[in-house]
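Based on the sequences and whatever the hints tell you, model everything.
Protein chains in written order, with our numbering: chain A, 1 to 291; chain B, 292 to 614.
Any given hint could be a false lead.
Derived contacts from chain B toward chain A, CB cut-off under 8 Å, selection only [claimed, not checked]:
(1) Pro344
(2) Ala433
(3) Thr447
(4) Phe583
Simulated from the structure, these hints should not be mistaken for lab results. Virtual Cβ for every residue (Gly too), placed ideally from N, Cα, C.
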Amino acid sequence: MTLQTAAAAAETYVPGRDRADVLRRLLLYVLVVCVALLFFVPFVWTLTTSFKTIPDSVNVNLIPHPWTTSAWHDVWTQYDFKTYIKNSFFLALVITAANIVLGGLGGYAFARLKFPGREVLFLLVLGTLMIPDQLRFIPVFVMLTNWHLIGGFTGYILINLVTAVNLFFMRQYFLTIPKDFEEAAKLDGAGYFKTFWRVMLPLALPAISALIILQFQGTWNDFTWPLILFGQGNPSHYTVQLGLATLGFQYSTLWPQICAGSIIAILPVLAVFLAFQRYFVSGVVSAGVKG
Amino acid sequence: MGEWSLRARERAEGRSSELMSAISDAVRTPARSSMRGVKLREALWGYGFAGLPMAVFGVFFLYPLAYAVYISFFHWGILGKQSGGAGTFNYAKVLHDPVYHTALKNVAEYTIGVVPLEMGLGLSLALLINSKIRGRNFFRSAFYFPSIASSVAITTIAIYILNSDGLFNHIIGSSTPWFTTASTVTWAIVGLNAWTTSGTIMLYYLAGLQAISTDVYEAAALDNTSAWRTFRKITLPLLRPTHFFVLVVFGVGALKIFDQSFIVSHGTGGPNYATYTPVLYIYRAAFTTFDFGLAAAAGVVFFVIIFILTIIQRLTVGRPEAA
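Following this line, the structure appears as structure tokens:
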């Protein structure tokens, strides 16, 4: 029997939409909605708590009674989240841009340009993926201390200029672009840099979008390195995550304020996620190692 | 003389005619004559392009690897290398430290608890999404979202919900402070991280499910195979590459846990060392006792443990790209 007839036969034998089938689909929807609610209750609970008063924050009413925005006001001014947000955005934008350019340059070189030692150097790049961040804590801290780069942004930016994951990701994408584009550029007299910058990088836009999203999220959410590099220093250099952790440590019962801070720490990533869901999903699966 | 001049002229003419043909060749096929020049130029640009990222990897990844090993053999404080020679004393200290043993035990418990749970949850979510429901994109995003929210915010929210008079205790009618009780804190973190990572695992399983050919399901339907049997005999075995990939990546990831332990214990590893993990050990050795030599040694030990596990995985499972 051929495949088509098998499929056709299978279709004819499927019973009509009987009661059991409808019931099963109904149960499926109930289940999926329940799970989704379960996943979202903590976020909703946090959001409404941020509009509660402190005494009201330990009650089990979802709706605040009374409503107040004082927690948001406190977080913004007294606990200086406006500075933390500025710092986090600055670092995320600079580091993401650096990763696009350097990851793109390296990825293009390893995908397309031939030079002696290319394979060995590429193995070295992949080798850095094996080095856990945890091993780098101490040597990098000591190095940056010697260079007087602890407590400022420069050190943090330097160590995050480009990651092997991003370079690898860009290389894989460049490999999929047909060579015709570069040859056409060459015929038009474009040099190597111009070919890269004006032709190949724009063609890699889908890969760049995925990189932007994952790197922005990674830097925005990063806690450990800011803790090590800025944690002992002046709070004016704190990131949102560091500020939120510190707020929780110092005032562990100011629930409305802590909840407002948590929402702030999540919101930009949520916005980016809603705007670029498609890239997120494909990026996570293809970047693989990023986890 | 005349003969010589004639030969010279011939040679000169020959040369010039060679030159002429070379020029005309170059005009016709510019690449051939300057092949070596082009190759050299390409190689130089290659080094130029790859050079910057390679410099970053060299200075901030490969050099620190060697530097960490170097530091680990010395008494090294906040002001740098201290007097006293090199030795393996830091390694002896880490390997004989009961706190480090507790940290290893904690992280083993946590990993064994969290990995099967998040894999089971991730697979269940993927099956739900894959069952041709309406709004699957919405539900996929909803389940995935906790994975991308910051670990600090997620942990902070969990602390609020699981505190002694929090929402969770109101629902189950208890007053256990889950994150500050030594016997419950590991399981509270297991639950928390199962919630936040199952969405990512769901994505991998969805990709795995979509890679399974529909033919096998059609054949099963033809045989009137029950849904459960189809799942057990077809879906589950065909997802093997995904199982292995997820197991390895998230297993190693679980060993590296730090943020959650740090935040629920305010960086102390308490109560009663219950939230101490190998990474928190490194952090505290360096930044609360300022013993960088010990911290570096703990880092090297941790690296070796992960490296060995990765090698075992490579040998037994194959490359993760197979997923």
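Hint-by-hint comparison with the structure:
1. Pro344: holds (4 Å)
2. Ala433: holds (5 Å)
3. Thr447: Cβ of Thr447/B sits 5 Å from chain A, so the hint holds.
4. Phe583: holds (5 Å)
This entry satisfies every hint, going by the numbered hints stated previously.
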